[in-house]
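Peer 1: Residue 1 is where the sequence shown starts when you use UniProt numbering, and the numbers rise one by one after that.
Hints listed in this document are in silico derivations from the structure and should not be mistaken for laboratory results.
Accuracy of the hints is not assured; some may be wrong.
[Stated by the list, open to error] Under the rule of at most 30 Å between Cα atoms (straight-line distance), these lysine-lysine pairs were calculated in the DSBU-like manner:
(1) K238 <-> K195
(2) K380 <-> K205
(3) K94 <-> K51
(4) K380 <-> K195
(5) K51 <-> K106
(6) K285 <-> K197
(7) K234 <-> K195
(8) K294 <-> K397
(9) K195 <-> K273
(10) K129 <-> K51
(11) K281 <-> K294
(12) K381 <-> K238
(13) K94 <-> K106
(14) K19 <-> K106
(15) K188 <-> K397
(16) K112 <-> K84
(17) K84 <-> K106
(18) K51 <-> K85
(19) K381 <-> K397
(20) K285 <-> K51
(21) K195 <-> K85
(22) K205 <-> K381
(23) K285 <-> K195
(24) K197 <-> K51
(25) K188 <-> K238
(26) K188 <-> K294
(27) K197 <-> K294
(28) K19 <-> K270
(29) K380 <-> K188
(30) K84 <-> K197
(31) K112 <-> K94
(32) K380 <-> K397
(33) K270 <-> K238
(34) K19 <-> K112
(35) K273 <-> K19
(36) K238 <-> K205
(37) K129 <-> K112
(38) K397 <-> K205
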Amino acid sequence: MRLTASMGFGSGPLIWFRKGIRIHDNPALEYASRECSHLYPLFIIDPHYMKPDPNAFSPGSSRAGLNRINFLLQSLGDLDVNLKKIGSRLLIVKGDPYEVLIRCFKEWNIGKLCFEYDTDPYYQALDIKIKDFALGAGIEVFSPNGGKPPLSYQSFVKLAGEPPSPLSTTYSSLPPVGHLGSCDISEKWVANFEKPKGNPSAFLKPATTILSPYLKFGCLSSRYFYQRIQDVYKSLPKHTSPPVSLLGQLLWRDFFYTAAFGTPNFDRMKDNKICKQIPWKDDDKLLEAWRDAKTGFPWIDAIMVQLRQWGWMHHLARHSVACFLTRGDLFVHWEKGRDVFDRLLIDSDWAINNGNWMWLSCSSFFYQYNRIYSPTTFGKKYDPNGDYIRHFLPVLKVVSHDSASKECKRKMGEAYALNKELNGLVSEDDLRNLRRKLDAGEEQGTKAKRSRQLLIG
Numbered sequence: 001m002r003l004t005a006s007m008g009f010g011s012g013p014l015i016w017f018r019k020g021i022r023i024h025d026n027p028a029l030e031y032a033s034r035e036c037s038h039l040y041p042l043f044i045i046d047p048h049y050m051k052p053d054p055n056a057f058s059p060g061s062s063r064a065g066l067n068r069i070n071f072l073l074q075s076l077g078d079l080d081v082n083l084k085k086i087g088s089r090l091l092i093v094k095g096d097p098y099e100v101l102i103r104c105f106k107e108w109n110i111g112k113l114c115f116e117y118d119t120d121p122y123y124q125a126l127d128i129k130i131k132d133f134a135l136g137a138g139i140e141v142f143s144p145n146g147g148k149p150p151l152s153y154q155s156f157v158k159l160a161g162e163p164p165s166p167l168s169t170t171y172s173s174l175p176p177v178g179h180l181g182s183c184d185i186s187e188k189w190v191a192n193f194e195k196p197k198g199n200p201s202a203f204l205k206p207a208t209t210i211l212s213p214y215l216k217f218g219c220l221s222s223r224y225f226y227q228r229i230q231d232v233y234k235s236l237p238k239h240t241s242p243p244v245s246l247l248g249q250l251l252w253r254d255f256f257y258t259a260a261f262g263t264p265n266f267d268r269m270k271d272n273k274i275c276k277q278i279p280w281k282d283d284d285k286l287l288e289a290w291r292d293a294k295t296g297f298p299w300i301d302a303i304m305v306q307l308r309q310w311g312w313m314h315h316l317a318r319h320s321v322a323c324f325l326t327r328g329d330l331f332v333h334w335e336k337g338r339d340v341f342d343r344l345l346i347d348s349d350w351a352i353n354n355g356n357w358m359w360l361s362c363s364s365f366f367y368q369y370n371r372i373y374s375p376t377t378f379g380k381k382y383d384p385n386g387d388y389i390r391h392f393l394p395v396l397k398v399v400s401h402d403s404a405s406k407e408c409k410r411k412m413g414e415a416y417a418l419n420k421e422l423n424g425l426v427s428e429d430d431l432r433n434l435r436r437k438l439d440a441g442e443e444q445g446t447k448a449k450r451s452r453q454l455l456i457g
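Please build the complete structure, drawing on both the sequences and the hints.
Peer 2: See the structure below:
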């Protein structure tokens with residue numbers, strides 16, 4: 001879209017949509033709309049995420065995968081439809097956000113800039129530049145955020161309390177999520193949801209809400225979603241409780257946001273005060289086998305194919321492949337797996353992606369390193385007939401289920417030869433190093449706890 005002065009009608013506020021792609025319960029939009037005759041709703045397509053990624057599987061692949069880009073474009077189309085219903089339209093501009101916004105400020109005579117906070121360091125640095133320019137130009141800036149975050153789920157829940165009521169009681173329509181379709185869940189399902197009991201092999205009808213992409217892009221307000229869950233709980237005699245309930249999962253999401261906000265270098269092991277310094281292997285051959293679904297473990301490879309094709313998989317499937325890459329089998333650095341997820345997942349969120357990879361690699365938040373997701377028996381438990389594996393690895397359709405479930409000890413046809421080199425790659429030295437690092441961290445935590453107790457009592 002070409003920016004021209006004719007697009008404006010005089011001085012007015014600009015709402016910069018980023019992770020709040022909705023008109024319902026949107027504090028920045030509500031503030032921008034106060035006492036104004038017209039409004040400039042803007043979304044900027046940032047080339048930073050569209051540029052080729054040198055570490056991508058295919059030459060020329062962007063930092064954001066095709067599935068996520070498609071969902072974003074659908075969401076923007078949906079936002080435009082909703083804005084049109086209230087007498088407005090969405091303006092979409094491609095370019096460097098800083099340069100685009102400065103042009104908008106000048107050419108549209110903007111008097112107020114409103115946007116929501118983002119935990120991604122890239123946007124945090126960008127926000128500082130934009131705020132400095134806007135304030136220097138006499139433009140009012142409204143960006144709701146702040147506070148000192150807790151660094152454990154329990155302390156977060158104690159401090160969080162009940163969120164304020166949503167600004168509106170009706171929500172925007174939600175576009176379908178690619179292969180997953182639209183969200184259709186019952187009140188009974190919401191009340192009985194318990195995270196450990198999900199089925200990662202349920203691909204025709206996913207065993208979760210599939211709302212994560214909507215929450216990631218802000219198509220659905222987490223505050224509104226929270227209220228609706230509470231309404232369901234109040235209407236039924238029994239329901240599950242945090243942290244395993246649906247409400248608990250929403251709280252986990254916001255916990256990772258607060259932890260990321262309060263932790264410098266949250267997205268790396270080096271200089272990250274809450275991350276264990278574990279001597280991971282730097283082996284690109286192993287990483288590529290995992291990324292390209294060529295490990296020879298049908299359960300792992302099927303999940304990685306689903307990730308590439310759909311941009312989504314069940315959380316237990318994510319746990320399986322993350323554990324396999326890191327502490328479970330290959331001992332490859334969690335940051336490398338994090339980057340693959342970040343590029344391919346529709347719902348990839350900077351804070352949640354980094355937090356979960358630290359968790360699953362036992363680098364932070366969770367330290368029971370002996371709890372491993374077996375690449376064979378775990379899949380067999382949830383996919384006893386091999387339906388999930390055969391769907392995403394069609395070459396195995398001609399192989400008996402018994403053969404497909406063996407622990408990587410036989411060849412399954414020329415088209416799918418097992419990579420036996422990937423068996424037992426975590427050496428005793430690796431395990432000893434991991435145990436030493438984790439045990440040392442536990443000892444430090446115990447000493448610190450004793451010190452606090454002495455100070456208190």
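Peer 1: Taking the hints in turn, state whether each one holds.
Peer 2: Consistency of the hints with the structure:
1. With a CA separation close to 16 Å, the supplied pair K238 and K195 stays within the 30 Å bound.
2. Distance restraint check for K380 and K205: the Cα-Cα separation of roughly 19 Å lies within the 30 Å cut-off, and the hinted pair is therefore satisfied.
3. Taken as a hint, the K94 and K51 pair is honoured in the structure, with Cα atoms around 12 Å apart against an allowance of 30 Å.
4. A threshold of 30 Å between alpha carbons decides the hint, and for K380 with K195 the separation of about 19 Å falls inside it, so the pair holds.
5. Distance hint between K51 and K106 is fulfilled; the C-alpha atoms sit about 28 Å from each other, no more than 30 Å.
6. For the hint linking K285 to K197, the alpha-carbon distance of about 34 Å lies beyond 30 Å, and the restraint is violated.
7. Only pairs whose Cα atoms come within 30 Å are accepted, and K234 paired with K195 is accepted, the gap being roughly 20 Å.
8. Annotation: proposed proximity of K294 to K397 holds, straight-line Cα distance about 17 Å (limit 30 Å).
9. Straight-line distance between C-alpha atoms of K195 and K273 comes to about 29 Å, which keeps the hinted pair within the 30 Å bound.
10. Restraint check for K129 and K51: satisfied, since their Cα atoms lie roughly 22 Å apart, inside the 30 Å limit.
11. The straight-line distance between the Cα atoms of K281 and K294 is roughly 19 Å, inside the 30 Å bound, and the hint therefore holds.
12. This hinted pair checks out: K381 and K238 have alpha carbons roughly 28 Å apart, not beyond 30 Å.
13. Taken as a hint, the K94 and K106 pair is honoured in the structure, with Cα atoms around 17 Å apart against an allowance of 30 Å.
14. With a C-alpha separation of about 25 Å, the suggested pairing of K19 with K106 holds against the 30 Å cut-off.
15. Restraint check for K188 and K397: not satisfied, since their Cα atoms lie roughly 36 Å apart, outside the 30 Å limit.
16. For the suggested pair K112 and K84, the alpha carbons sit about 22 Å apart, so the restraint of at most 30 Å is met.
17. For a cut-off of 30 Å, the pair hint linking K84 to K106 stands: about 25 Å separates their Cα positions.
18. A hinted pair counts as satisfied when its Cα atoms are at most 30 Å apart, and K51 with K85 does not qualify at roughly 34 Å.
19. Between the alpha carbons of K381 and K397 the distance comes to roughly 19 Å, so the proposed pair stays at or under 30 Å and holds.
20. A C-alpha spacing of about 25 Å is found between K285 and K51, which places the hinted pair at or below 30 Å, so the restraint holds.
21. Distance hint between K195 and K85 is unfulfilled; the C-alpha atoms sit about 38 Å from each other, more than 30 Å.
22. Between K205 and K381 the CA atoms are separated by roughly 18 Å; this keeps the pair inside 30 Å, and the hint holds.
23. The hinted pair formed by K285 and K195 fails the criterion: a straight-line CA distance of about 34 Å is larger than 30 Å.
24. Restraint check for K197 and K51: the C-alpha separation of about 39 Å exceeds 30 Å, so the hint is violated.
25. Only pairs whose Cα atoms come within 30 Å are accepted, and K188 paired with K238 is accepted, the gap being roughly 9 Å.
26. A C-alpha spacing of about 40 Å is found between K188 and K294, which places the hinted pair above 30 Å, so the restraint is violated.
27. Straight-line distance between C-alpha atoms of K197 and K294 comes to about 28 Å, which keeps the hinted pair within the 30 Å bound.
28. With a C-alpha separation of about 28 Å, the suggested pairing of K19 with K270 holds against the 30 Å cut-off.
29. The suggested pairing of K380 with K188 holds, with an alpha-carbon distance near 28 Å, which does not exceed 30 Å.
30. Between K84 and K197 the alpha-carbon distance is near 42 Å, which puts this suggested pair outside the 30 Å criterion.
31. Pair hint K112 plus K94 holds up; C-alpha atoms about 21 Å apart against a cutoff of 30 Å.
32. A threshold of 30 Å between alpha carbons decides the hint, and for K380 with K397 the separation of about 16 Å falls inside it, so the pair holds.
33. With a CA separation close to 45 Å, the supplied pair K270 and K238 exceeds the 30 Å bound.
34. For the given pair, K19 sits about 19 Å from K112 by alpha-carbon distance, which is consistent with the 30 Å threshold.
35. Of the supplied pair hints, the one linking K273 and K19 holds, its CA atoms being roughly 28 Å apart against a limit of 30 Å.
36. With a C-alpha separation of about 25 Å, the suggested pairing of K238 with K205 holds against the 30 Å cut-off.
37. Annotation: proposed proximity of K129 to K112 holds, straight-line Cα distance about 16 Å (limit 30 Å).
38. For the suggested pair K397 and K205, the alpha carbons sit about 21 Å apart, so the restraint of at most 30 Å is met.
In this structure, the earlier hints numbered 6, 15, 18, 21, 23, 24, 26, 30 and 33 are contradicted, and the remaining ones agree with it.
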